[in-house]
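Construct all of the structure, not just a fragment, from the sequences and the given hints.
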Amino acid sequence: MPQSPGDVAMTAPIVATDFDSLRAALARSSISATTMNFIVWIDDVGFRDWVLERTAKILDKHPARAIVLDACADGKPGATLVRSEPDDADAAHITVQGERVEIGVAGMSTEQIRELTASLTMNELPTLLWWTGKGITGQPNFDALVHLADSLVVDSSGTRNDNATVVELVRFLDSRRSVGIRDLAWMRLRPWQDMIARFFDDPTLREELYSVRSLQIISGSDAEALYLGGWLASRLGWTASGHDEFSDQSGVRIPFRSERAGRIRRVRSVELTTTTTTYNATVSDDDETLVVVKASGKNAMNGRFVPLQAVDSPSLLERAILEGSTDEVFETALRMVGALTA
Amino acid sequence: MSDSSSAATLTRPTAPVNRPRPNPLRAGIDSNRLQDPCNIIFFGASGDLMKRMLLPAMYNLRLEDMLPSDFGIVGFSRSSYTDEQFRAEMKKSIDEFSRSGPAKEPMWGDFEKRISYISGDFDDVACFRSLREHLENNDKVLGTKSNRLFYLSTPPSLFSPIINMIEQSGLGPRDNRDGWTRIIIEKPFGTDLDSARALQSEVEKVFNERQVYRIDHYLGKEPVQDIMALRFANVIFEPLWNRRYVDSIQITAAETVGVELRGGYYDSAGAMRDMIQNHVLNLMTLVAMEPPALSDFEAIRDEKFKVLTALRPIDRNRVFLDTARGQYDAGSIAGKPVAGYREEPDVAPDSNTDTYAAIKLYIDNWRWADVPFYLRSGKRLARKGSEIAVRFKSIPHRLFGELGDTIDNNVLVMKIQPEEGISLRFSAKVPGPKMHIRSVSMDFNYGTGFGVASPPAYERLIGDAMRGDATLFTRWDAVEAAWGAVMPVLERWQDVIDETFPNYAAGGQGPASAERLLAADGREWRKI
Chain E
1 MPQSPGDVAM TAPIVATDFD SLRAALARSS ISATTMNFIV WIDDVGFRDW
51 VLERTAKILD KHPARAIVLD ACADGKPGAT LVRSEPDDAD AAHITVQGER
101 VEIGVAGMST EQIRELTASL TMNELPTLLW WTGKGITGQP NFDALVHLAD
151 SLVVDSSGTR NDNATVVELV RFLDSRRSVG IRDLAWMRLR PWQDMIARFF
201 DDPTLREELY SVRSLQIISG SDAEALYLGG WLASRLGWTA SGHDEFSDQS
251 GVRIPFRSER AGRIRRVRSV ELTTTTTTYN ATVSDDDETL VVVKASGKNA
301 MNGRFVPLQA VDSPSLLERA ILEGSTDEVF ETALRMVGAL TA
Chain A
343 MSDSSSAATL TRPTAPVNRP RPNPLRAGID SNRLQDPCNI IFFGASGDLM
393 KRMLLPAMYN LRLEDMLPSD FGIVGFSRSS YTDEQFRAEM KKSIDEFSRS
443 GPAKEPMWGD FEKRISYISG DFDDVACFRS LREHLENNDK VLGTKSNRLF
493 YLSTPPSLFS PIINMIEQSG LGPRDNRDGW TRIIIEKPFG TDLDSARALQ
543 SEVEKVFNER QVYRIDHYLG KEPVQDIMAL RFANVIFEPL WNRRYVDSIQ
593 ITAAETVGVE LRGGYYDSAG AMRDMIQNHV LNLMTLVAME PPALSDFEAI
643 RDEKFKVLTA LRPIDRNRVF LDTARGQYDA GSIAGKPVAG YREEPDVAPD
693 SNTDTYAAIK LYIDNWRWAD VPFYLRSGKR LARKGSEIAV RFKSIPHRLF
743 GELGDTIDNN VLVMKIQPEE GISLRFSAKV PGPKMHIRSV SMDFNYGTGF
793 GVASPPAYER LIGDAMRGDA TLFTRWDAVE AAWGAVMPVL ERWQDVIDET
843 FPNYAAGGQG PASAERLLAA DGREWRKI
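Going line by line, the protein sequences match chains E and A.
Under my numbering, the very last position in the first sequence is 342; numbers go up by exactly one each time.
Under my numbering, the very last position in the second sequence is 870; numbers go up by exactly one each time.
Don't read these hints as lab results, they were simulated from the structure.
Some hints could be false.
[As the list claims (entries may be wrong)] Output of the computed footprint for chain A on chain E, the stretches with three or more beta carbons under 8 Å from beta carbons of chain A:
| hint | stretch |
| --- | --- |
| 1 | 194–201 |
| 2 | 285–294 |
| 3 | 300–311 |
[Stated by the list, open to error] Heads up, simulated BS3-like pairs for lysine-lysine below, C-alpha to C-alpha not over 25 Å straight-line:
| hint | chain 1 | residue 1 | chain 2 | residue 2 |
| --- | --- | --- | --- | --- |
| 4 | E | Lys-294 | A | Lys-455 |
| 5 | E | Lys-298 | A | Lys-487 |
| 6 | E | Lys-294 | A | Lys-487 |
| 7 | A | Lys-482 | E | Lys-294 |
[As the list claims (entries may be wrong)] Each pair of labels, with its calculated beta carbon distance range:
| hint | chain 1 | residue 1 | chain 2 | residue 2 | range |
| --- | --- | --- | --- | --- | --- |
| 8 | E | Thr-326 | A | Asp-819 | 39 to 47 Å |
| 9 | A | Asp-463 | E | Ser-296 | 30 to 38 Å |
| 10 | A | Gln-510 | E | Val-252 | 53 to 61 Å |
| 11 | A | Asn-576 | E | Lys-294 | 45 to 53 Å |
| 12 | A | Asp-638 | E | Phe-47 | 43 to 51 Å |
| 13 | E | Lys-294 | A | Gly-443 | 23 to 31 Å |
| 14 | A | Asp-819 | E | Thr-276 | 31 to 39 Å |
| 15 | E | Asp-202 | A | Glu-426 | 26 to 34 Å |
Glycine included, each C-beta is placed from N, C-alpha and C at the ideal position.
Spelled out as structure tokens, the structure:
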């Protein structure tokens with residue numbers, strides 16, 4: 001059965017020989033507070049330990065029932081139930097209990113997976129689906145599971161640096177029903193969005209936003225650059241004039257240059273040039289957790305360090321859990337990405 | 343820019359003139375960052391609190407990008423340091439005490455540029471004028487825009503002289519028309535009602551109430567704030583939260599530590615002054631207050647104050663019936679022998695100071711009439727723990743339960759530290775053919791795992807003061823009312839020496855007199 005680094009704080013696993021005994025074991029749940037059903041889909045063996053580790057971290061903080069569906073080709077059928085508990089009964093710092101069911105679903109039909117998952121979720125609790133699988137649209141298992149969820153979490157740059165997943169997400173946005181969408185690639189940009197917004201928090205610089213003449217983004221994967229470009233465009237009322245150009249409300253063309261460089265899932269640099277000033281935010285050469293923000297030109301500003309906060313996956317997953325199920329700013333940015341990539 | 347509270351005059355709203363458009367990039371990006379540039383000036387900057395708590399709190403606020411883009415940190419103390427020496431001292435304190443570990447470059451280098459130091463006497467107006475010039479220079483160089491937050495982390499005896507010097511040197515809010523001026527005052531705010539009033543009269547000569555932040559770090563703890571969430575973000579508790587269903591409430595703040603290096607201070611204070619008058623009464627007001635109409639900090643503070651005004655005054659003749667006091671003797675904590683209080687450094691060998699205090703209070707209003715609130719706090723007790731236990735009344739009619747079964751009262755416990763969470767005791771049927779009933783406990787624990795510790799209270803509170811949010815600070819009327827509530831006890835305790843001191847062994851549950859306090863009402867304390 002799948003093992004994870006999170007097991008260090010877990011009870012001895014209960015290996016269920018059939019799913020009825022698994023349900024019976026869950027019914028004897030010892031956890032005393034539960035906040036959600038957390039369905040996790042894995043179909044990439046190289047990614048499995050990474051996902052399981054992050055799932056365990058979520059359970060460390062949010063008492064939840066995690067249903068890990070392991071569709072990797074080497075996964076064995078059957079299920080393991082693991083309950084987390086404080087590794088030291090007197091330790092006041094780890095007090096959350098959670099339970100994790102790991103099920104090997106390779107070889108099971110979509111209908112079996114859906115029925116099994118539905119029967120293991122608890123009523124009256126929100127259900128979050130973290131889909132780490134290859135592809136979204138046209139995946140029967142995805143279609144089946146997303147109907148069980150209130151919120152969907154994906155990562156458009158989780159395992160790939162092209163724009164394939166984000167393009168699929170655009171298509172899903174139009175077809176989805178009531179499920180809220182969270183993309184970790186988008187959520188990872190929050191500090192960058194904050195840094196860019198911060199340039200213009202000073203009311204005397206506000207009008208600069210309406211005289212942007214070029215935008216340049218360097219990132220390790222395409223999703224981040226597309227999202228940042230789409231976000232700026234949708235906030236400022238620009239329209240996409242092609243894959244690499246926007247037009248502002250006055251019809252002025254704004255070249256958008258994105259370059260793929262550096263680590264996957266990470267933005268390296270953003271530069272925004274207005275008619276008077278160039279605003280730049282670039283990851284520090286000395287410490288990749290720090291960004292140097294500065295401006296040159298009329299509104300010049302000396303370099304200043306800004307820490308990149310909470311861009312690790314467990315923090316992003318936690319935000320996805322805590323924040324509401326819809327994010328209008330995200331959706332309008334995603335639609336703009338759709339226009340850019342059409 | 344100013345915090346000055348004007349009289350409530352109603353004026354017609356005027357149309358904004360040339361108001362800039364809101365930043366469209368801020369939609370959906372709520373930032374916790376403090377917006378106003380400012381200087382924060384720490385008086386007593388060479389002291390222990392600065393090194394252990396305050397400077398690490400500032401550094402961590404910076405690491406988490408919570409500080410405004412433009413800020414300055416100015417230390418002021420008698421010790422002689424250059425800027426460079428002071429920065430080196432502060433770096434050492436970060437290395438030793440910061441929750442984020444040792445200071446790291448390049449962030450530390452960026453941070454330390456904003457730290458400076460003024461050496462001077464607290465009663466020398468020339469030194470304060472130098473401070474003013476220094477702050478004006480910071481405004482130009484660091485862009486701090488005349489916003490100033492003073493932090494009094496000196497011994498309390500220096501509070502009044504410093505406030506007086508602030509005014510005399512032109513550093514007070516009346517002389518600062520270009521920005522805001524606020525002051526954080528460490529506890530204790532006075533040592534009794536008279537001294538608190540005397541200090542307040544000095545404070546209000548210079549600052550109005552909206553500019554004053556009386557800090558009680560206890561209120562910055564997450565679980566304390568969770569009390570309001572439990573009460574006002576759930577519908578199921580509030581209907582039961584009154585005299586009809588609540589039998590009594592116990593509030594406990596127990597420590598295993600002794601007075602450590604604070605013997606000199608503590609011997610003139612005691613548990614009633616040091617804990618009950620502020621921390622524990624603050625907890626009581628959060629438990630007992632009415633739902634505020636708004637989440638606005640003044641609305642919350644209004645409701646807390648109303649609780650204190652409804653406290654039934656303690657009759658001087660009943661002080662020894664409605665309170666208990668104790669002083670620890672030698673004993674053992676966690677298997678290790680510890681000295682008695684009178685053997686602690688800087689403690690008088692015949693000290694009459696209480697290291698344990700318990701009190702029974704009533705709140706005379708419609709919600710709480712005749713519901714006793716039992717408050718206790720002590721040092722060198724069996725376990726460290728702060729909690730609020732709401733004990734509900736007995737069932738009105740016993741329907742279930744075999745002979746010999748006891749049906750316990752429901753108890754809701756809000757655990758504040760070191761455990762953080764909520765537990766509810768209720769009755770359930772024991773599986774089997776008979777209708778045996780037993781108590782079970784349903785527990786919820788707030789996790790603080792995830793590799794990130796809860797931010798220390800000082801980070802939260804300094805940030806709030808910089809933001810101008812006084813929710814977690816104590817307003818003068820509440821301070822005055824709290825002193826008023828405990829003064830009869832303090833006076834009687836001072837008048838009558840307790841010949842039984844020391845009267846409880848370190849590592850125990852406290853003095854027998856405390857047990858008798860509840861036993862007289864047919865109740866008992868929860869085990870510490």
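Okay, the hints, checked on the actual structure:
Under a criterion of three residues with beta carbons nearer than 8 Å to beta carbons of chain A, the stated coverage of the stretch 194–201 of chain E is upheld, 6 such residues being counted. Against chain A, the stretch 285–294 of chain E contributes 3 residues with a C-beta closer than 8 Å to a partner C-beta. That satisfies the three-residue criterion, and the hint holds. Judged by the Cβ-Cβ criterion of 8 Å, the stretch 300–311 of chain E is covered by chain A as claimed, because 5 of its residues qualify and three suffice. Under the criterion of a C-alpha separation no larger than 25 Å, the hint pairing E/Lys-294 with A/Lys-455 is consistent with the structure, at around 17 Å.
Our distance criterion of 25 Å between C-alpha atoms is met by E/Lys-298 and A/Lys-487, whose separation comes to about 21 Å. Restraint check for E/Lys-294 and A/Lys-487: satisfied, since their Cα atoms lie roughly 20 Å apart, inside the 25 Å limit. Our distance criterion of 25 Å between C-alpha atoms is met by A/Lys-482 and E/Lys-294, whose separation comes to about 19 Å. For the pair E/Thr-326 and A/Asp-819, the beta carbons lie near 43 Å from each other, so the given range of 39 to 47 Å is met.
For the hinted restraint 30 to 38 Å between A/Asp-463 and E/Ser-296, the CB-CB distance of approximately 46 Å leaves it violated. Checked against the hint of 53 to 61 Å, the C-beta distance between A/Gln-510 and E/Val-252 comes to roughly 58 Å, which is consistent with it. Distance hint check for A/Asn-576 and E/Lys-294: the Cβ-Cβ separation is about 48 Å, which falls inside the suggested range of 45 to 53 Å. Under the hint 43 to 51 Å, the C-beta atoms of A/Asp-638 and E/Phe-47, about 48 Å apart, fit the expected range.
Restraint check, E/Lys-294 to A/Gly-443: a C-beta distance of roughly 28 Å satisfies the suggested window 23 to 31 Å. Checked against the hint of 31 to 39 Å, the pair A/Asp-819 and E/Thr-276 fails, with Cβ atoms roughly 52 Å apart. Separated by about 32 Å at the C-beta atoms, E/Asp-202 and A/Glu-426 satisfy the suggested range of 26 to 34 Å.
Checked against the numbered hints listed earlier, the structure breaks hints 9 and 14; every other hint is satisfied.
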